[in-house]
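**Q** Take the two lone chains and join them into the complex the hints point to.
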Amino acid sequence: MLKKTIAGIALGLTMATGALAQDPLSMVYIGKNTGNPYFDSINGGFVDACKSLGCEYEFVAPATAEATSQIPFIEAQIQRGVDVIAIAPNSPDALNQVLDSARAAGILVLTVNGDLTGNESHRDATILPVNFDIVGRDQVEMVGSLIGYEGEIAILSATTEAPDQNKWIVGMNETLKNDPKYAKMTLVATVYGDDQPEKSTAEMEALLANFPNLKGVIAPTTVGIAAAAQVVQSRGIADQVKVTGLGLPSEMRDFVKDGTVTAFQLWSPYNEGWLAAHFAKGVKEGTIKNEVGSTFEVPNLGTITINENNSINTQAELTTFTAENIDDFNF
Amino acid sequence: MSATDTTTTAEVGREAAPPRPLWHVILVRPETMTLVLLVLGVIVASQLSPYFLDVSYILRSFTLSAEFAIVALVLTMVIIAGEIDLSPAANMALSACLFAWAQASGVPIPIAVAIGLGAGLLMGALNAFMVIALQLPSIIVTIGTLTLYRGLAQVIAGDKSIRVPEWFIGIDRVLVFGLPVPVVIFIVTAIVLGFVLAGTIFGRQIYQIGTNEIAARHAGIRSRQIKLVLFLLIGAVAATAGMMTASRLGSVRYDLGLGGELQMVLMAMLGGTYIFGGRGTILGTFLAAWLLVVVSTGMTVANLLPAIQLTVLGVLLIVAIIATNFIYSRTQR
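Heads up: the sequence lines are chains F and P, in that order. Numbered per my numbering, the first sequence spans residues 1 to 331. Numbered per my numbering, the second sequence spans residues 1001 to 1333.
Simulated from the structure, these hints should not be mistaken for laboratory data. Backbone N, C-alpha and C fix where the C-beta goes; we use that ideal spot for every residue, glycine too.
Where chain F lies over chain P, by a calculated footprint (3+ residues, C-beta under 8 Å): (1) 1057–1065; (2) 1156–1163; (3) 1244–1251; (4) 1296–1309.
Pulled out of the complex, with its shape left as it was, chain P reads as follows (with noise of 0.2 Å):
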């Protein structure tokens, strides 16, 4: 197999290329150019209104879409997998639906919360059953749950909203070290999942799984119970959104969370996460959150017509997309 030994100095011209320096590894990353969007978006935005720059108010909007954004987190891991899960938001309603429902018909709190994680992870289970088992399309599957868990969720829900007790309001309102509790739950979850993707075996094995099934799976990684773990994870953990987002507003309607799915798939694409797998990093995530809340914020406090902000965001994705594309196909050797 090996001709290190004897291959002449032509040979190795021809076929490595030279190694790559050490800045352009560092600096040439899609999650260099979200970055660099992320301080470009608080500069222009600092600029266009005199309120916007104010930590406070800035982590105070970032609570609104933290639930979001916890999830965009383990979408990441998903995605980077070669799959994609696009019900996390139904998902998060119809848990949400679930709790309110339990504890207004009197089950105690602690009780509540466990049927909605239940139920999140039920959720999860159904989309990676008929992902992994019958071997359906995950785009498609999750299209369809993502319709079945929000008629669910109306369902339960009706057209009316429940309330949730006064006490267990206001979760964004609770700071730890001056940040929301939202906040540090999607920073930790950050630093976690950081960690899991980038330092341990199971991380190494989604990009592997992502970036070839097959081979992959001839070199022994068991691809199958790497996905259902993914999607068990992302269907609790947007169960948990679920609830962070009824604790927030106060009471639960079958339409909390309506149209998350794209704000999700959004954060990731703009942190650099590569849709068709084996690609991508939770940092990368990460910033782009920040960067999205940055830039929304940014201009409704400065009064700009949603129609410019639409426009905005749409500009950036395309933006990011054709960044990811050219850096990715530049480093792929």
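Next comes chain F alone, as it looks inside the complex (with noise of 0.2 Å):
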């Protein structure tokens, strides 16, 4: 009892002192959903930099990926007061009033590894890992030069609605389209796994089934190909069919090393929290001006601009991982 009542008046006198001082800046990271090894990596940046910067910051995320499954989150953070919350939204327009009202309360809204597409008007910023536009052709242009220019293609997606996976198929759709480097290449099917594994692996072996023919296969989602590359490898297919997509070199090292996948793509993680956490920080103290066209630094990144839409990207190109390199990426 006694002790209880020591540590709560020194906790008292910590929190008093802390109001007297200077609050730290407190942030938070919004996940998509739990037990996403993506996010892990994504935290990571945003924990090393509130380190280095001394933020506070947490990271929580609902148990789905859901359209509205974030919104008691938003409508907890607000109520803890947080000054920055970062969030990689579930869906591009179901959070536009929880996010208004986040704003409103004078909290940074920054869309971190995915964007409200069509609604940017209810976040401060964004924070893609490149351009999103981009996206698309270079998927094009990866299992095109694994097929030779030639053959049936599909396409893994996750789900129906997500916002980053539409974006970089209508990408697709229109270089395979207008490109005449790839007109001999047919798309013959757009599918969905909803990010989980039993689907995206259902979602493969139905394409297998019904398009023998079938030469390869994008999945743009970290779930889809690391599915797509499992059935291939235990079938032993992996000279009929290529997978590539976007993946973490974690979970696709095997698959490179016994050459069921070739090559894949993606970008660094870490350094979107990295970036995000730095960004919110300059904003947060006016060193930084969220305008399009200003620039900052960032440590190890070096100058970054702001673009169009309030729009901030960690690298210029996707990373292209194959067996030589992939061993130096360690999320």
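**A** See below:
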């Protein structure tokens, strides 16, 4: 009892002195869902940056990546009085109202690794790994180079409403239609594995059954590419069907080493968290102007420019992972 | 028939259990358990996080599940009548999609609302037709229509979301006497349905068909009509809830309210409604809705992991089911 009282007084004192001194900037990152290794890496960037910048930081995420599941979490963070909410939105528009009330409460709202496409006015800025307009094009080039620019290809995506994947798929379709380089490639199907391993595996099996002449599969999602590679590996058809897409080096390492997957792409999720934390701190303290065209310095990343729609990229091109370089990456 | 005059004292002692004392009648009820859990929930949540105990925050959080809670009130009556309806969340999505689609293609809002409501009634009628006229078990029927309604919603809305006009957005931000409108609707609905269920002949008949439908029918109760009314009512209320969700989110997608049927059943069960019918109260569901909001909000604002949240909710439900069954088995005599 006495111990508790003393602890309580001590806690009260530290809180009081904390309030007297300047409150450290508090930041939260709301992921799409828990149990998604991709977000561990972004989280790592935030953690390291906040350690060196001296901000408070927490990572939270709902159990499912369903459109409205993040709303209670945003409400809770508003109630906690955080200074910065960074979020990987599960929906391009269902969060509009609650993000508006967060901004009305003086909170800086950043979308990290995903944007509110079409509803950009409901967030302050977005931090994306690369210019998402070129992802579709680069992925088509990737699969084309693997299959000799000829034959049937298919897309294995995340959920039907995943905003980023849908944007890339539009880019893939446009590239295939407009660029004569890919005239001999036909997109035969676009299927959705809902970012669940079992569903993605089932969709991949169905693709192979329905399109026996399938040459290549683009899976622009980390769950999808791992599931597709698993199917190809267990059937031993790596020389007939080329799997590529966006994947995590840590999950894809074995598939690349045994030749199931020749090459795939991604960026550094770690740098997104690292950049977002530095940007948020700068904007909150007035050292960075959140205006299109203005630039700022981030340690290890160099000079960063704020592009149209207040969008910020951590790198210019996708990183391609092959057997040669995959051991250099640890996320 | 009656042997009261000549009954010996020995027979009285054997046949009739002693009347339960008044405190027993009042306190040993499932709703008491829900109330105790609610009070405990508030205490624990305010210990977990200093940010929890703020009435406006709790009310704002309640609006996030108010739509489900309103439907759960009607669902309570359906379950008491011995049936179940698992399709209301899908109904919410389809009604909201039809409403949003109609107004987006130029139909004036009042007519679009009427279309949404009409669709809700129609969906209720389809459930009722299969359960009452075709004599199919309601759990199977409504699992089927759950999938059907959700599928139709996706046919209408596709993978895109449909915006609603700016002035229609934000029913949850409008306050009446300091309470958000969805909360007011929930409280008023609870009072009205509570009165209907506990204070009218219609209400007593719902309990009777839930306890023993054949006996109720022999006693002249029109059980089919009552069930039809209940299915239509839950259809219309679900449609209203769907449009309220549209107003809260500002846009409609086919996945609106996905998984909501489980939350609704959870509210009814936590409130002490007996899954096999014949027992339960609106008050119980009313309290359970607050209990669920307090528990999940308390854990979210304390930044607890979703895994812990799911575990706690699961334990709560099991405790509620065991307690409900225990109390009913003790008081059934």
